[in-house]
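Each chain is listed here by its residues.
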Amino acid sequence: MRAFLACIRKEGLELLRSGRLLILLLIFVFLGILSPATAKITPWLLETMADSLAGSGITVHAVNITALDSWMQFFKNIPLGLIAFILLESGIFTGEYQSGTLILSLTKGLDRRTVLLSKAVMLCALWTLCYWLCFGITYAYSAIYWDNAVARHLLLSAVCWWLFGLWVTALTVFFSAVAKNGTAVLAGTGVCVLVSVMLGMLPKLKAYLPSFLTDGYSLVSGFAAPREFLPAALITLALGILALAFSFPVFSKRQL
Amino acid sequence: MDMLRITGLKKRFGDKEVLRGLELSVPEHSIFGLIGRNGAGKTTTMKTVLGLLKADAGEIAVAGEKVSYGQTGTNRHIGYLPDVPEFYPCMNAPEYLAFCGEITGMSRSDIRARGDELLKLVGLEGEKHRIRGFSRGMKQRLGIAQALLNRPKLLICDEPTSALDPVGRRELLEILKAARGETTVIFSTHILADVERICTDVAFLENGKAELQGPLEDIRARYRRDEYLLEVENEADLPRLLQAFPALEPAGENLLRLRGKEQAVFEVLGFVTERRIPLLKMERTEPTLETLFMEVVGK
Numbered sequence: 019m020r021a022f023l024a025c026i027r028k029e030g031l032e033l034l035r036s037g038r039l040l041i042l043l044l045i046f047v048f049l050g051i052l053s054p055a056t057a058k059i060t061p062w063l064l065e066t067m068a069d070s071l072a073g074s075g076i077t078v079h080a081v082n083i084t085a086l087d088s089w090m091q092f093f094k095n096i097p098l099g100l101i102a103f104i105l106l107e108s109g110i111f112t113g114e115y116q117s118g119t120l121i122l123s124l125t126k127g128l129d130r131r132t133v134l135l136s137k138a139v140m141l142c143a144l145w146t147l148c149y150w151l152c153f154g155i156t157y158a159y160s161a162i163y164w165d166n167a168v169a170r171h172l173l174l175s176a177v178c179w180w181l182f183g184l185w186v187t188a189l190t191v192f193f194s195a196v197a198k199n200g201t202a203v204l205a206g207t208g209v210c211v212l213v214s215v216m217l218g219m220l221p222k223l224k225a226y227l228p229s230f231l232t233d234g235y236s237l238v239s240g241f242a243a244p245r246e247f248l249p250a251a252l253i254t255l256a257l258g259i260l261a262l263a264f265s266f267p268v269f270s271k272r273q274l
Numbered sequence: 002m003d004m005l006r007i008t009g010l011k012k013r014f015g016d017k018e019v020l021r022g023l024e025l026s027v028p029e030h031s032i033f034g035l036i037g038r039n040g041a042g043k044t045t046t047m048k049t050v051l052g053l054l055k056a057d058a059g060e061i062a063v064a065g066e067k068v069s070y071g072q073t074g075t076n077r078h079i080g081y082l083p084d085v086p087e088f089y090p091c092m093n094a095p096e097y098l099a100f101c102g103e104i105t106g107m108s109r110s111d112i113r114a115r116g117d118e119l120l121k122l123v124g125l126e127g128e129k130h131r132i133r134g135f136s137r138g139m140k141q142r143l144g145i146a147q148a149l150l151n152r153p154k155l156l157i158c159d160e161p162t163s164a165l166d167p168v169g170r171r172e173l174l175e176i177l178k179a180a181r182g183e184t185t186v187i188f189s190t191h192i193l194a195d196v197e198r199i200c201t202d203v204a205f206l207e208n209g210k211a212e213l214q215g216p217l218e219d220i221r222a223r224y225r226r227d228e229y230l231l232e233v234e235n236e237a238d239l240p241r242l243l244q245a246f247p248a249l250e251p252a253g254e255n256l257l258r259l260r261g262k263e264q265a266v267f268e269v270l271g272f273v274t275e276r277r278i279p280l281l282k283m284e285r286t287e288p289t290l291e292t293l294f295m296e297v298v299g300k
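These protein sequence lines are chains D and C, in that order. Residue 28 in our numbering sits at position 10 of the first sequence, and the numbers go up by one each step. Residue 236 in our numbering sits at position 235 of the second sequence, and the numbers go up by one each step.
Derived from the structure by calculation, the hints contain no laboratory data. This structure is a prediction, so every number in the text was calculated from the model and none was measured. Be careful, since some hints might not be right.
Calculated cross-link-like contacts (lysine-lysine; reagent style DSS-like; alpha-carbon spacing at most 30 Å) [what the hints assert, rightly or not]: (1) Lys55/C to Lys198/D; (2) Lys67/C to Lys271/D; (3) Lys154/C to Lys55/C; (4) Lys271/D to Lys55/C; (5) Lys154/C to Lys210/C.
Ranges between beta-carbon positions, derived for each pair [unchecked claim]: (6) Glu291/C to Leu43/D: 53 to 61 Å; (7) Glu18/C to Ala143/D: 44 to 52 Å; (8) Met19/D to Gly215/C: 38 to 46 Å; (9) Glu60/C to Leu255/D: 37 to 45 Å; (10) Gly215/C to Val196/D: 39 to 47 Å; (11) Ala143/D to Glu291/C: 53 to 61 Å; (12) Ile59/D to His130/C: 41 to 49 Å; (13) Glu296/C to Gly208/D: 54 to 62 Å.
Glycine included, every Cβ here is placed at the ideal spot set by N, Cα and C.
Between the sequences and the hints, there should be enough to build the whole structure, so can you do that?
Next comes the structure, spelled out in structure tokens:
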């Protein structure tokens with residue numbers, strides 16, 4: 019346990035002093051502000067564009083903006099946050115393989131499982147912090163300008179997206195145990211997400227795939243019921259746990 | 002007791018067979034020099050001992066405990082100093098040692114006391130800058146501090162002096178020499194002067210095997226020949242000596258080599274005394290590690 023806590027502290031220190039934490043927090047704070055801000059300026063944007071649009075034969079009527087528009091923007095923007103998160107954190111293992119820093123720790127008797135677990139926990143915690151910070155900011159601004167009550171099952175839809183992010187994080191950990199460099203980690207994780215999105219085009223499979231969890235707007239706008247998300251949520255959770263579970267034997271047998 | 006015992010160790014990288022049934026015994030409290038050419042398998046041997054590389058065949062035991070690939074249990078007995086130690090650049094030296102102490106299970110008070118003691122020993126006391134800005138020499142010194150932190154039974158150093166300046170090299174060798182009281186030191190190198198300076202035991206690695214190993218003094222005695230070197234003051238005396246003793250042969254400027262038993266030495270000394278030939282020196286030549294190594298590698 020002491021070794022695990024020491025590793026967590028080390029990861030935290032690296033995150034803080036390398037500036038990665040600050041960059042991630044700035045990105046997610048920006049995205050959190052961007053969603054309600056985009057919704058807020060939409061009427062003004064349309065109004066300023068009304069004359070030029072009228073020339074093209076498009077008539078702009080008065081637009082009624084609600085919290086739903088803010089949440090629609092949130093679900094459009096949050097993938098950018100996840101991409102930034104994975105891009106910045108994809109080297110958390112491979113950076114150590116390449117620099118050789120991990121070798122000294124392991125030669126002190128540090129258990130490989132402790133290394134993997136501490137990094138996985140750190141990544142999940144970081145994703146959780148960034149994601150819910152972004153959500154909280156959007157929630158606060160949406161509550162100030164409009165009424166969040168119009169968004170149905172808001173917390174559930176947010177949990178679904180968070181779960182999707184955790185699955186992607188687990189994939190990153192798995193590919194970090196397998197691959198030698200950050201590019202391969204990104205490629206492996208990206209291919210898995212892409213496969214999920216492609217398979218999601220098949221109507222019969224759609225509701226059982228992790229990518230289905232990203233359709234939070236259907237939930238908040240009332241187009242989908244919460245129970246429809248249950249299979250995808252359970253499967254995503256299982257796939258995430260499997261990815262982490264397989265990471266341990268792969269990492270233990272890895273030649274360094 | 003052997004602190005490290007390797008039996009029948011084999012390791013292949015693709016087509017290249019690096020270790021071909023290596024047998025090695027490192028006695029407790031020895032300073033063991035692992036000598037070999039580049040690519041002889043020194044680093045492979047060390048990484049296999051550390052459980053970082055998987056052996057194709059053979060067994061390794063550290064302090065009597067079997068080493069298993071991927072498991073780090075036996076590493077609690079080991080301190081390791083690679084040729085280019087790499088640390089977390091965002092930490093400073095005391096923070097890094099504290100991290101090492103935590104993962105090895107040392108008590109907080111011991112980490113602090115031992116950390117301070119070692120930082121003083123390697124000349125990094127009071128150094129609060131991040132490791133990112135450390136020179137190669139400073140990293141090497143921090144490397145030795147982290148390797149000795151948990152008082153390991155076996156200290157493994159992989160070419161520790163290869164990139165150091167003469168002063169840094171001498172300091173590091175002194176630290177390794179001093180560590181012998183507490184630990185067994187094994188270090189790989191191709192700088193034979195370093196081995197001659199501090200090692201008690203050696204092994205020559207060639208063709209994936211230890212061609213020669215044992216206490217340095219025993220090896221020297223085994224390879225010692227009845228050979229003497231004679232230096233005369235005046236070059237003009239050389240022909241007289243060469244003529245009088247067919248066993249003498251030129252060995253450089255004003256130098257003569259004598260191969261033979263002690264009786265031949267007495268005869269030569271009698272000759273030079275009688276004729277009052279000024280001598281600068283007369284000594285028995287000891288086989289150097291370099292000559293032994295060249296003999297082993299067949300050059």
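Go ahead and decide if the range 53 to 61 Å is satisfied by the Cβ distance of alanine 143/D to glutamate 291/C. holds (57 Å)
Sort out whether lysine 55/C lies within 30 Å of lysine 271/D, counting only the CA atoms. holds (9 Å)
Satisfaction of hint between lysine 198/D and lysine 55/C, Cα-Cα up to 30 Å: Status holds; Cα separation ~17 Å.
Lying within 44 to 52 Å: is that true of the beta-carbon distance glutamate 18/C to alanine 143/D? Roughly 46 Å apart at Cβ, these two residues keep to the hinted range, so it holds.
Verdict for glutamate 291/C, leucine 43/D (Cβ pair) under range 53 to 61 Å: The hint (53 to 61 Å, Cβ to Cβ) holds, given that glutamate 291/C and leucine 43/D are roughly 60 Å apart.
Is it true that the CA of lysine 154/C sits at most 30 Å from the CA of lysine 210/C? holds (25 Å)
Taking the Cβ atom of glutamate 296/C and the Cβ atom of glycine 208/D, is their distance within the range 54 to 62 Å? Distance hint for glutamate 296/C, glycine 208/D holds at roughly 58 Å.
Between methionine 19/D and glycine 215/C, does the C-beta distance stay in 38 to 46 Å? About 45 Å separates the Cβ atoms of methionine 19/D and glycine 215/C, which means 38 to 46 Å holds.
Hey, lysine 154/C versus lysine 55/C, does the alpha-carbon distance stay inside 30 Å? This hinted pair holds, its Cα atoms lying about 23 Å apart.
Pairwise hint evaluation, lysine 271/D against lysine 67/C, where the allowed Cα distance is 30 Å at most: Holds - the C-alpha atoms of lysine 271/D and lysine 67/C are around 17 Å apart, at most 30 Å.
Honestly, do isoleucine 59/D and histidine 130/C meet the 41 to 49 Å range at C-beta? holds (48 Å)
Range first: 37 to 45 Å. Now tell me if the beta carbons of glutamate 60/C and leucine 255/D are that far apart. holds (43 Å)
Violated hints for the displayed structure: none, as all numbered hints are satisfied.
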